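Undergrad: These protein sequence lines are chains Z and B, in that order.
With my numbering as the guide, the letters of the first sequence map in order to residues 1 to 151.
With my numbering as the guide, the letters of the second sequence map in order to residues 152 to 302.
By construction, these hints were calculated from the structure, which means they are not laboratory data.
Among the clues, some could well be false.
Said to hold, decoys possible - If you only want the chain B side, here are some residues facing chain Z, beta carbon under 8 Å, derived: (1) Q153; (2) D159; (3) S180; (4) M221; (5) R223; (6) E235; (7) A264; (8) L269; (9) L273.
Unchecked claim - Simulated restraints, written as ranges between beta carbons of each label pair: (10) V91(Z) to R179(B): 18 to 24 Å; (11) G85(Z) to N178(B): 24 to 30 Å; (12) P21(Z) to Q283(B): 20 to 26 Å; (13) Q283(B) to G123(Z): 31 to 37 Å; (14) A175(B) to Q133(Z): 51 to 57 Å; (15) R223(B) to E69(Z): 54 to 60 Å; (16) E30(Z) to V242(B): 32 to 38 Å; (17) G53(Z) to C280(B): 39 to 45 Å; (18) G123(Z) to G211(B): 48 to 54 Å; (19) T4(Z) to K195(B): 20 to 26 Å; (20) T190(B) to Q132(Z): 50 to 56 Å.
Claimed, not checked - Residues from chain Z that keep clear of chain B, each with C-beta distances beyond 10 Å, as calculated: (21) L20; (22) P21; (23) R28; (24) Q40; (25) T50; (26) G60; (27) R72; (28) E78; (29) V110.
Treat the numbers as computed from the prediction; the structure is a model and nothing was measured.
Built from N, CA and C at the ideal position, the CB exists for glycine as well.
Protein chains: 2
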Amino acid sequence: MQLTRAADYAVRVMIHLAGLPPGARVNRSELSAIAECPTQFLCKVLQNLTRAGLVISHRGNTGGFELEEMHRTASVLEVVEAVEGPIRLNVCLTSEHACAGQSWCPARGVWAAAQGALVEVLGGATISCLAQQPATARQPVIVGIDEARRS
Amino acid sequence: MQLTRAADYAVRVMIHLAGLPPGARVNRSELSAIAECPTQFLCKVLQNLTRAGLVISHRGNTGGFELEEMHRTASVLEVVEAVEGPIRLNVCLTSEHACAGQSWCPARGVWAAAQGALVEVLGGATISCLAQQPATARQPVIVGIDEARRS
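For reference, chain Z alone in the conformation it holds in the complex (with noise of 0.2 Å):
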């Protein structure tokens, strides 16, 4: 039960574009090194995020990827759901036929709250915020990872 390496890469791509004034386009090299991602792994997250409108692509010299302006208050929630589609914390929970115990069953009230508790947090938190804390405080502390990889 694990966010998927893409949907990761998602919610970074999108708090770099959500921290750029607006208009401000990014090529992919440049994504794939903010993201940390290997640039063929990214082109198929960023035409996830295309699709779901949550970016624009531009192509040509002076092209590259731009946040979708409507959507610089989307939230994580939906960054995620356009790379995994819709959260779904069991079979069970993804439609009204998918499990014959449904009716009875008495661990399905359990996955659905869990389901809800963190649909709730991830809706909750909006990309435009993250990309607005401090500056100070999203800079690596280069001395810390140094002293982390010796540890």
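Given the structure of chain Z, go ahead and fit chain B onto it with the hints provided.
TA: Positioned in the frame of chain Z, the structure of chain B alone reads:
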């Protein structure tokens, strides 16, 4: 981001065992039918539950699987983690040094909060409480199932 089938089957098995009188043993074939899980696959699930000390495996003609009495109060979280390992919603939450950006990444707090919410729900639901749901509420409504199949 979905529960593994193994963890789902493990919870079904545990709820069934918790609904039986103390000391009752159920063989593998019966558990396989109850959990609606292929026997081979259930073997691995039962191995995990046995290793975690949640069930006791008895060999021989009168053998079978029995709920470890001390673990009658186990939570859904304990059962899921016995099969899947500790719940870590994103790779960055697996250890102190899993991600170099953890001191400044704006998304990490969201993943941690979502994981916390999930763990709280699953940890608060005990297998014995689920097993004690009124028997009538737990009986499959056969007519309903048939209708669902026809639709």
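Undergrad: Taking the hints in turn, state whether each one holds.
TA: Hint by hint, here is what the structure shows:
1. Residue-level restraint check for Q153(B) holds (minimum Cβ-Cβ distance to chain Z is 6 Å; threshold 8 Å).
2. Nearest Cβ of chain Z to the Cβ of D159(B): about 6 Å, under the 8 Å cut. The hint holds.
3. The criterion of a C-beta within 8 Å of any C-beta in chain Z is not met by S180(B), whose closest approach is roughly 19 Å, and the hint is violated.
4. At its closest, the beta carbon of M221(B) sits 21 Å from a beta carbon of chain Z; the interface hint therefore is violated under the 8 Å criterion.
5. Contact between R223(B) and chain Z, as hinted, is not supported at the beta carbon level, the nearest pair being about 15 Å apart and thus beyond 8 Å.
6. A cut of 8 Å between beta carbons decides the hint on E235(B): the least distance to chain Z is about 6 Å, and the hint holds.
7. Taking 8 Å as the C-beta cut-off, the interface hint given for A264(B) holds, the closest approach to chain Z being about 5 Å.
8. Evaluation of the L269(B) hint against chain Z yields a held restraint, the C-beta minimum of about 5 Å falling below 8 Å.
9. Look at L273(B): its Cβ gets to within about 6 Å of chain Z, closer than 8 Å, so that hint holds up.
10. One distance hint, 18 to 24 Å for the beta-carbon pair V91(Z) and R179(B), holds here, with the actual separation near 23 Å.
11. Against the hinted window of 24 to 30 Å, the Cβ-Cβ separation of G85(Z) and N178(B) comes to about 39 Å, which falls outside the hint.
12. Separated by about 58 Å at the C-beta atoms, P21(Z) and Q283(B) break the suggested range of 20 to 26 Å.
13. Evaluation of the 31 to 37 Å hint for Q283(B) and G123(Z) yields a pass: the beta carbon distance comes to about 33 Å.
14. At about 55 Å, the beta-carbon gap between A175(B) and Q133(Z) stays in the expected band of 51 to 57 Å.
15. Between R223(B) and E69(Z) the C-beta distance comes to about 56 Å, which sits within the given range of 54 to 60 Å.
16. Checked against the hint of 32 to 38 Å, the C-beta distance between E30(Z) and V242(B) comes to roughly 23 Å, which is inconsistent with it.
17. Judged by the Cβ atoms, the range 39 to 45 Å given for G53(Z) and C280(B) holds: they are separated by roughly 43 Å.
18. Range check, G123(Z) to G211(B): about 53 Å between beta-carbon atoms, so the 48 to 54 Å window is met.
19. Between T4(Z) and K195(B) the C-beta distance comes to about 24 Å, which sits within the given range of 20 to 26 Å.
20. Between T190(B) and Q132(Z) the C-beta distance comes to about 54 Å, which sits within the given range of 50 to 56 Å.
21. Remark: the non-interface label on L20(Z) is consistent with the geometry, its nearest Cβ contact in chain B lying 14 Å away (cut-off 10 Å).
22. Once the 10 Å rule is applied to beta carbons, P21(Z) is consistent with being away from chain B; the minimum gap is 18 Å.
23. With a closest Cβ-Cβ approach of about 20 Å to chain B, R28(Z) is found to remain outside the 10 Å limit, as its non-interface label requires.
24. Residue-level check passed: Q40(Z) sits 19 Å from the nearest beta carbon of chain B, beyond 10 Å.
25. Once the 10 Å rule is applied to beta carbons, T50(Z) is consistent with being away from chain B; the minimum gap is 20 Å.
26. Non-interface status of G60(Z) relative to chain B is upheld: no Cβ of that chain comes within 10 Å, the nearest being about 31 Å off.
27. Listed as a non-interface residue, R72(Z) keeps its Cβ farther than 10 Å from every Cβ of chain B; the least gap is roughly 15 Å.
28. Every Cβ of chain B is farther than 10 Å from the Cβ of E78(Z); the closest lies at roughly 13 Å, confirming the non-interface assignment.
29. Not every C-beta of chain B lies more than 10 Å from that of V110(Z), the closest at about 4 Å, which undercuts listing it as non-interface.
Violated hints, listed in ascending order, are 3, 4, 5, 11, 12, 16, 29; each of the other numbered hints is respected by the structure.
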